[in-house]
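Student: Residue 197 in numbering that gives the first Met the number 0 sits at position 198 of the sequence shown; the count goes up by one each step and never skips.
It should be emphasised that the hints constitute simulated quantities derived from the structure, not laboratory data. Built from N, CA and C at the ideal position, the CB exists for glycine as well. Hints may be right or wrong, so weigh each one.
[To be verified] DEER-style ranges, computed between Cβ atoms:
#	residue 1	residue 2	range
1	Pro58	Ala162	22 to 28 Å
2	Val115	Phe18	25 to 31 Å
3	Ile177	Asp155	32 to 38 Å
4	Phe18	Arg202	24 to 30 Å
[To be verified] No farther apart than 25 Å at their CA atoms in a straight line, the calculated lysine-lysine pairs in the PhoX-like style are these:
#	residue 1	residue 2
5	Lys232	Lys166
6	Lys169	Lys232
7	Lys109	Lys88
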Amino acid sequence: MHMHTFTFIANMLVHYWPFGAIMCPLVTYAQAVAVFLSAFTLVAISLDRYVAIIYPLRPRMTTNQAALSIFLIWFLSLAVPLPIAIVSKVQPALQPTGVVRDECRENWPKAEQRYVSSVVIMVLQYFLPLFVLLFTYTRIAIVIWVKRTPGEAENDRDQRMAASKRKMVKMMITVVIIYASCWLPLHTVTIAGDLHPAVYEFRYIQVVWIACHWLAMSNSCYNPMVYCWMNSKYRNGFRYVLRCCPFISYKEDDHGPYQMKRINTYISTMRSSTHDRKVMTTFSASPSPKRSKDKFETTICKEEIALNHMSNGTNSTQWEGNIDGSERVPLAEHNDA
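From just these sequences and the hints, can you work out the full model?
Tutor: Listed below in C-alpha cells is the structure:
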C-alpha cells in the first residue's frame with residue numbers, strides 16, 4: 000500500500016473511494032494546488048519584507064507588480080501539481096478483509112518516477128520555501144537587531160519603528176517554525192515509504208500517516224491565530240470583519256484608521272522634538288506667545304499633510320520647517336514594515 004503527500008484521507012477512513020473516477024484527479028489536484036499556494040505565498044511575503052527592510056530607499060511595489068506576483072504564485076501552484084492530476088486514478092485494491100474495492104491512487108508507470116515525484120514535491124513545497132524563509136528573515140533580523148549606523152542617534156520615533164519591525168520579524172519567524180514543524184513528519188514518512196516499502200506494512204502506519212497528514216494540513220489554520228495573537232492590526236481587522244457578531248467589540252475608529260494611530264504617534268513625537276528645538280534655539284528677540292503658537296501649529300499641520308500623503312502611497316520627500324521659519328531640512332523617508 001502506497002501513501003503519498005496528497006492522498007485523500009477517505010481512502011484510509013472507509014477503505015474505498017466513494018466519489019467516482021472524475022473526482023479522483025480533481026480532488027487530488029485541488030489539494031496539491033492549495034498546499035503549493037500556501038507555500039509560495041509565504042515565500043512572496045518574506046521577499047516583500049526583505050526588500051522593504053534591507054533596501055528601504057527602493058520604491059514600493061506598484062499595483063502591476065503586485066498583480067504579477069499574484070499571477071506567478073497561482074501559475075506555479077497550478078503547474079507544479081499537474082503530473083499528480085494525470086496519474087491519479089481510481090484503481091481496485093484488495094482490502095485486509097479480502098474484499099476488492101476501488102481506491103483513488105497515484106498510478107505511476109515506474110517506481111522510480113514515483114520516488115522522483117515525491118522528492119520534487121518535497122523540494123519545491125518544503126525545502127526550497129523553507130530555505131528562502133530562513134535566509135530572508137535571518138538577514139532581516141541581523142539588520143534590525145545587530146546593525147547600527149555609526150554615530151547615528153535614535154529618537155523615540157525611530158525606536159518605535161524599530162520595535163514594530165522586531166514584532167513583525169518575531170511573528171513571521173513563528174510562522175516559519177510552525178510551517179517547518181507541521182510538514183516535516185509527513186514528508187519524512189512519505190520519503191521513507193518510497194525508499195523502503197516495508198514501512199507501509201508497519202502495524203500502525205495508517206494511524207501514524209493520518210496524524211502526520213492532519214498535522215500538515217492544519218498548518219494553514221495556525222497562521223491566522225498567530226497573526227491575531229502577535230499583531231494588533233490583524234486583531235483590529237478581525238474585529239472589523241466579525242463586527243456583526245454580538246460577542247465581538249468593535250468601534251468605528253478602530254479600523255482604518257490603522258494609519259491614524261501611526262499618524263498620531265508621529266505627531267506626538269514631532270511636538271516633543273519641536274519643543275526641544277524651541278528650547279535650545281537662541282532668539283535675538285523673543286516672539287510673542289501667540290505668534291509662536293501659530294507657527295508651531297503650522298509646523299504640526301504640515302507634518303499631518305505629509306503623513307496623509309505618505310499613507311496614500313506617496314513616496315515624495317517631506318520637509319520640516321523650524322520654529323523661527325529660517326531653515327527647512329528634509330525628513331527621512333518612512334518605510335512602514
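Student: None of the hints should be skipped; say for each whether it holds.
Tutor: To see whether the hints hold, each was checked on the structure:
1. Pro58 / Ala162: 22 to 28 Å: At 25 Å between Cβs, range holds.
2. Val115 / Phe18: 25 to 31 Å: holds, 28 Å
3. Ile177 / Asp155: 32 to 38 Å: Given range 32 to 38 Å: holds, Cβ gap about 33 Å.
4. Phe18 / Arg202: 24 to 30 Å: holds, 29 Å
5. Lys232 / Lys166: holds, 12 Å
6. Lys169 / Lys232: Measuring from Cα to Cα gives roughly 15 Å; hence the hint holds.
7. Lys109 / Lys88: At roughly 15 Å apart (the allowed maximum being 25 Å), Lys88 and Lys109 satisfy the hint.
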